[in-house]
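Listed below, chain by chain, are the residues.
Number of protein chains: 2
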Amino acid sequence: MRLGALEAGGTKMVCAVGDEKGRIRERRVIPTRTPEETLPEMIGFYREQGVESLGIGCFGPINPVKGMKGYGFITSTPKLAWQNCDIAGAFERALGCPVGFDTDVNASLLGEITFGAARGLSDCIYVTVGTGIGVGVCAGGKLLHGVMHPEAGHILMRRRPGDSYPGKCPFHASCLEGLAAGPAIEERWGAKGAELKDRREVWDLEAYYLAQACVDFTYVYSPGRIILGGGVMHQEQLFPMIRRQYRELEAGYVKNSQTADLESYIVPASLGDDQGILGCLRLAWEAKEG
Amino acid sequence: MRLGALEAGGTKMVCAVGDEKGRIRERRVIPTRTPEETLPEMIGFYREQGVESLGIGCFGPINPVKGMKGYGFITSTPKLAWQNCDIAGAFERALGCPVGFDTDVNASLLGEITFGAARGLSDCIYVTVGTGIGVGVCAGGKLLHGVMHPEAGHILMRRRPGDSYPGKCPFHASCLEGLAAGPAIEERWGAKGAELKDRREVWDLEAYYLAQACVDFTYVYSPGRIILGGGVMHQEQLFPMIRRQYRELEAGYVKNSQTADLESYIVPASLGDDQGILGCLRLAWEAKEG
Chain Y
78 MRLGALEAGG TKMVCAVGDE KGRIRERRVI PTRTPEETLP EMIGFYREQG VESLGIGCFG
138 PINPVKGMKG YGFITSTPKL AWQNCDIAGA FERALGCPVG FDTDVNASLL GEITFGAARG
198 LSDCIYVTVG TGIGVGVCAG GKLLHGVMHP EAGHILMRRR PGDSYPGKCP FHASCLEGLA
258 AGPAIEERWG AKGAELKDRR EVWDLEAYYL AQACVDFTYV YSPGRIILGG GVMHQEQLFP
318 MIRRQYRELE AGYVKNSQTA DLESYIVPAS LGDDQGILGC LRLAWEAKEG
Chain F
78 MRLGALEAGG TKMVCAVGDE KGRIRERRVI PTRTPEETLP EMIGFYREQG VESLGIGCFG
138 PINPVKGMKG YGFITSTPKL AWQNCDIAGA FERALGCPVG FDTDVNASLL GEITFGAARG
198 LSDCIYVTVG TGIGVGVCAG GKLLHGVMHP EAGHILMRRR PGDSYPGKCP FHASCLEGLA
258 AGPAIEERWG AKGAELKDRR EVWDLEAYYL AQACVDFTYV YSPGRIILGG GVMHQEQLFP
318 MIRRQYRELE AGYVKNSQTA DLESYIVPAS LGDDQGILGC LRLAWEAKEG
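Chains Y and F, in that order, are what the protein sequence lines are. For what it's worth, the working numbering labels the leading residue of the first sequence as 78, then goes sequentially. For what it's worth, the working numbering labels the leading residue of the second sequence as 78, then goes sequentially.
One or more of the hints may lead you astray.
Intra- or inter-copy, both count: the list cannot distinguish identical chains.
[As the list claims (entries may be wrong)] Below are the DSS-like pairs computed for lysine-lysine, each with C-alpha atoms no more than 30 Å apart in a straight line: (1) K156 / K332; (2) K89 / K365; (3) K89 / K143; (4) K143 / K332; (5) K146 / K332; (6) K156 / K89; (7) K332 / K89; (8) K219 / K274; (9) K365 / K274; (10) K146 / K365; (11) K219 / K89; (12) K365 / K269; (13) K98 / K156.
None of these hints come from the bench; they were simulated from the model.
Build the full structure now, drawing on both the sequences and the hints.
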């Protein structure tokens, strides 16, 4: 099979061709400009390569609910040129092949379910912590959309006593993303996360908010595993800190075999930042199978 | 059809017989004692009435995940006599008919979906605010279980500035249930909610926490409607207060047609406290249909 995969991001478009086994044959990265400039370049790549179907994991907000009016569109994104862009439709018309379409975080989750840390699990979530925070959710073997898709990076947070940083989210200030995404770390401490590796207090505070989020996600989704990916999570020292603070905040309320072993409950992404593009291959494969 | 329905609660068992149209023919309320005493009495009722199948909406935690080891059991409840009780199995063996089994809040949600305020919706949630707080979730037309079931009444809360009440939850103190369930209202203000009807400050604070929860639930589930039921929600003055504070806390981040109209997005339960037992009829009907 020749499956097309597109990880559509606000700064770059990762285009790839691969197969149902997760083998990537070709990959091209295209900077995200306007749809008028960027779409034809991407379409050219997939035509040149020849693909039987295409899977898109897309930045949002988007409408990923099949059968609903506006399916396949990017909706109210702050990237104004892409607002109300029928991205899935554009590829479908140009390539004449089936197109699968979902959020970037759902694609990453699907990559981990198909090829990585969540293989075979029917209930799990993928949290990306980078320039923003997003959450992909699989429940009962199906990706959760609701009437749009979760925006669980914006849940409101309990502030850690002594933390006076106002928060970076333009809507909520101190929601999860406002307190714990990459830009919040940078503004709070005056340097990028990667330059703060040895400052224990930075990661202790970061772990507090991520642990709090993991507790809330445990209660709302009842997942079998929580995968934490994205740029910030390259700081691997965070994991033991998150697990320890999770234990404290969760206080032993939920008793099941999954949460009993936090080493296998709260885990890093496993596919070396390829979970997104691999999930797009799976979306393409599903679109082809109908 | 003669369908059996059982709303199994920690203080009382509501046993009923009805049909697939939601008409209830017989109803008997039995106080919850031990399984040894209470199960035979309930079984007697359904035998006497003659039922083709039974639907149970049960207090928890329970295991409602079909096909998993321990399905049909009440698990780590603080009501010790009922711990590790195979309640669904007991009825199945005694009555020799199919038994449907889910959480009490999922049953209430199912009642609203089938006969009430959520008719025809595939994505919606039911929040009960009473002696505890529980949440039932329907996503893509299916009840959400995860590996166990949501315990979304225990999400951690941002405290309202000036509120110094420590919170009532024995695990988390100031989670949603700890700050906003009936017992928290009573302990905080020194009287039961029903006696505080005219104290505006009571409901203003209560609305703050429920609005915060509705914001979080919007972000994590992306529901088409949020139904608020349970004893505390009989204080109908809460609804406009919740909607106003929701608008403030949510800050216009999510833009979709459902959240645009809060009058039809955040709504009271519609079936006069019968949503639970009616949902059990639906569970019975589904069990019969296989």
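Any hints from earlier that this structure breaks? Give me their numbers in increasing order, please. Going through the list in order, the structure violates hints 8, 9, 12 and 13 and respects the others.
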